[in-house]
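Fit chain B to the known structure of chain A by using the hints.
Each protein sequence line maps, in turn, to chains A and B.
The opening position of the first sequence corresponds to residue 1 in this note's numbering, with each subsequent residue numbered one higher.
The opening position of the second sequence corresponds to residue 1 in this note's numbering, with each subsequent residue numbered one higher.
Since the hints were derived computationally from the structure, they do not count as laboratory data.
Here the structure is a predicted model, which means the values were calculated and not measured.
Be careful, since some hints might not be right.
Distance condition first, Cα-Cα at most 30 Å in a straight line; then the derived DSS-like pairs of lysine-lysine [as the list claims (entries may be wrong)]:
hint, chain 1, residue 1, chain 2, residue 2
1, A, Lys5, A, Lys32
2, A, Lys5, B, Lys409
3, B, Lys409, A, Lys121
4, B, Lys267, A, Lys36
Quick list of the computed label-pair ranges, beta carbon to beta carbon [claimed, not checked]:
hint, chain 1, residue 1, chain 2, residue 2, range
5, B, Glu53, A, Lys54, 56 to 62 Å
6, B, Asp353, A, Gly91, 45 to 51 Å
7, B, Leu59, A, Lys54, 42 to 48 Å
Sample of chain B residues with no beta-carbon within 10 Å of chain A, all distances over it, derived [said to hold, decoys possible]:
hint, residue
8, Gln41
9, Lys221
10, Thr253
11, Glu281
12, Asn415
The beta carbon of each residue, even a glycine, is placed where N, CA and C say it ideally should be.
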Amino acid sequence: MENIKALMIFCEGPHDVAFCRFVFRRCLGIDKVGWKFSEYPSPLNQLFRSSMEKHAHKDLSLDMAHKFFLPDRTLYSEEHNYLVLLFNAGGKSRMDNPRNFLSDFLPLLEMSRVFPGDAEKAVSEASCYSAIERTFAFSRGF
Amino acid sequence: MAVFATDKKSVSPDNLDKKQFHELQQAAIISVNKEIDVLSQMVIQEKNLPNLEVALGRLQGIVDRIRTSGLSGVEQTAPFHDRIGSHFTHVHISDYKRLRNIDISLISRINLFTGINNSGKTSLLEALYLLCCQNDFSGLLEVVRRRGKVPEDKISPEWFFEQLPTLIRISGIFDHTDTSLQIRHYKEENSEIDKSRYLESVEISSDFGGSRQESLTRIFKGRNRETRALGSKILCPTVFSSPFFLNEPHRHTLYYAKSVRSKAKQKIVNFIRRNIVPTIENIELADEWHRFLVTDSICDKAPDLTEYGEGLQRIFFISLLFASAQNGVVLIDEFENAIHTDMIADFARFIYDLAELFNTQVFLTSHSKECIDAFVMNIPKVTDLSACALVEDGRNIAVREFSGPEFRKLVRAGNVDLRRAR
Numbered sequence: 001m002e003n004i005k006a007l008m009i010f011c012e013g014p015h016d017v018a019f020c021r022f023v024f025r026r027c028l029g030i031d032k033v034g035w036k037f038s039e040y041p042s043p044l045n046q047l048f049r050s051s052m053e054k055h056a057h058k059d060l061s062l063d064m065a066h067k068f069f070l071p072d073r074t075l076y077s078e079e080h081n082y083l084v085l086l087f088n089a090g091g092k093s094r095m096d097n098p099r100n101f102l103s104d105f106l107p108l109l110e111m112s113r114v115f116p117g118d119a120e121k122a123v124s125e126a127s128c129y130s131a132i133e134r135t136f137a138f139s140r141g142f
Numbered sequence: 001m002a003v004f005a006t007d008k009k010s011v012s013p014d015n016l017d018k019k020q021f022h023e024l025q026q027a028a029i030i031s032v033n034k035e036i037d038v039l040s041q042m043v044i045q046e047k048n049l050p051n052l053e054v055a056l057g058r059l060q061g062i063v064d065r066i067r068t069s070g071l072s073g074v075e076q077t078a079p080f081h082d083r084i085g086s087h088f089t090h091v092h093i094s095d096y097k098r099l100r101n102i103d104i105s106l107i108s109r110i111n112l113f114t115g116i117n118n119s120g121k122t123s124l125l126e127a128l129y130l131l132c133c134q135n136d137f138s139g140l141l142e143v144v145r146r147r148g149k150v151p152e153d154k155i156s157p158e159w160f161f162e163q164l165p166t167l168i169r170i171s172g173i174f175d176h177t178d179t180s181l182q183i184r185h186y187k188e189e190n191s192e193i194d195k196s197r198y199l200e201s202v203e204i205s206s207d208f209g210g211s212r213q214e215s216l217t218r219i220f221k222g223r224n225r226e227t228r229a230l231g232s233k234i235l236c237p238t239v240f241s242s243p244f245f246l247n248e249p250h251r252h253t254l255y256y257a258k259s260v261r262s263k264a265k266q267k268i269v270n271f272i273r274r275n276i277v278p279t280i281e282n283i284e285l286a287d288e289w290h291r292f293l294v295t296d297s298i299c300d301k302a303p304d305l306t307e308y309g310e311g312l313q314r315i316f317f318i319s320l321l322f323a324s325a326q327n328g329v330v331l332i333d334e335f336e337n338a339i340h341t342d343m344i345a346d347f348a349r350f351i352y353d354l355a356e357l358f359n360t361q362v363f364l365t366s367h368s369k370e371c372i373d374a375f376v377m378n379i380p381k382v383t384d385l386s387a388c389a390l391v392e393d394g395r396n397i398a399v400r401e402f403s404g405p406e407f408r409k410l411v412r413a414g415n416v417d418l419r420r421a422r
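This is chain A alone, in the form it adopts within the complex:
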């Protein structure tokens, strides 16, 4: 199974996401991809699908965008197997969004090779950075 290094950046709003995307594309040549959930490496494939299902199950008629937390943009370098996920937290007051996301992601990351689902790639190292007043930054590798 192929190893992927993932970087997750939590931004305050859509403008920050746009700026980050611009920097990654212009400075590092890492561009956006439009993957379906099943195309993401383990455990993101299951995490995103599960998050979608959980919230869709609760209520489909309301504004879904604010009900669950998915990356606004996904950037990928096939050459280096780097995956960058840009999240829009939805404002300083909504720090629960990244926290909840990480509390689900981190235990799944440890098991990314035990439960890969249909994925052919797995996240082996993940770094997280909060661009919201630099509230946290850390790395995990398995």
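Just chain B, lined up with the frame of chain A:
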């Protein structure tokens, strides 16, 4: 056969003194045997066959009731301790069929096992059963016969040895005490054995906290086996349930009697009434036919339990096991078999309640994600749950173990499928 018409109330020990009761019982048994001798000399008319069958069923019922009181059969073997502080906390399978050097250390009250076909799930339950049976040869016989779906009286000795692994080695920690088991079979070079019919011998050595037990069973063709053992104590009462062994009336009779005595039967009937068929009022064993009859408010006559769905029957029979495994272990193969998905969550909760009530440790296998998730999400105390996947690791089998809280978190976060663990 006048004895069958005798009014039970008139011969109960309450109405007679002990000596009279004993004499009457002896006389009745002699009378039955005499009448059977007479009948065996006759050509029986076909019209009398139903009455004979009823008599046979009633006699069988009497024999089974005696067995439940611990006088003979599998119930005869006593456990080392009637009361225990804890159940299994660790199991190591060194050699048992495909399972080699398997360590299971995350063990709780309810233990779920899954894996692809032929990954060793049933073998794992068998290994646990053998370890519980210690040096009791009948435990080994039961495992082989169950796997082969063969009635006890139909088992061929040659086939038995074909099925038996050359060496079985299992160990573990039960009730904070080390225990181990080794089984091997070989041809003895003993001149005292009648070699004309001798096939092989099975040697079972077990140990529980320094209490070493051994047994040697010689198997002959066309002759009863000979077992030599100084004693035989089991770790704990252990019951093994498999969906392919629904029709074992003599066993259900034993389990039923214990469930009635412990008042668990009414809880089981209540569960069935509340969750499956609201009109069911009672389920009772009819000695005459060795069958279970259902009191259903919408039926004029009590229908046989087999007239209801397979799932209801399985729920009833699985639930009956617990009273027979008090302070012991229940092993359930393919738990979800025949049970509707919507019912599994409630039944999982009920299984947990029964396990708590009888202080029973449960090991169950499943092929169903719904079943696994039903336990993971519905057990009130998730720390009482462990989940384990048996996975192919090259030519060997490996385990992926999870505590209940850990696995619940994984299911909630990523809806992970234990069956597809790698």
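A quick look at each hint next to the structure:
A C-alpha spacing of about 16 Å is found between Lys5 of chain A and Lys32 of chain A, which places the hinted pair at or below 30 Å, so the restraint holds. A threshold of 30 Å between alpha carbons decides the hint, and for Lys5 of chain A with Lys409 of chain B the separation of about 24 Å falls inside it, so the pair holds. This hinted pair checks out: Lys409 of chain B and Lys121 of chain A have alpha carbons roughly 22 Å apart, not beyond 30 Å. For the proposed pair Lys267 of chain B and Lys36 of chain A, the alpha carbon gap of about 49 Å is over 30 Å, so the pair is violated.
Against the hinted window of 56 to 62 Å, the Cβ-Cβ separation of Glu53 of chain B and Lys54 of chain A comes to about 58 Å, which satisfies the hint. Checked against the hint of 45 to 51 Å, the pair Asp353 of chain B and Gly91 of chain A passes, with Cβ atoms roughly 46 Å apart. Leu59 of chain B and Lys54 of chain A have their C-beta atoms about 60 Å apart, which leaves the hinted 42 to 48 Å range violated. With a minimum CB-CB distance of about 71 Å to chain A, Gln41 of chain B clears the 10 Å threshold, and the non-interface call stands.
With a minimum CB-CB distance of about 49 Å to chain A, Lys221 of chain B clears the 10 Å threshold, and the non-interface call stands. A cut-off of 10 Å between C-beta atoms confirms that Thr253 of chain B is not in contact with chain A; the least separation is 44 Å. For Glu281 of chain B, the requirement that its beta carbon stay farther than 10 Å from each beta carbon of chain A is met, with the minimum near 38 Å. Not every beta carbon of chain A lies more than 10 Å from that of Asn415 of chain B, the smallest distance being close to 4 Å; the non-interface claim is violated.
The earlier numbered hints that this structure contradicts are 4, 7 and 12.
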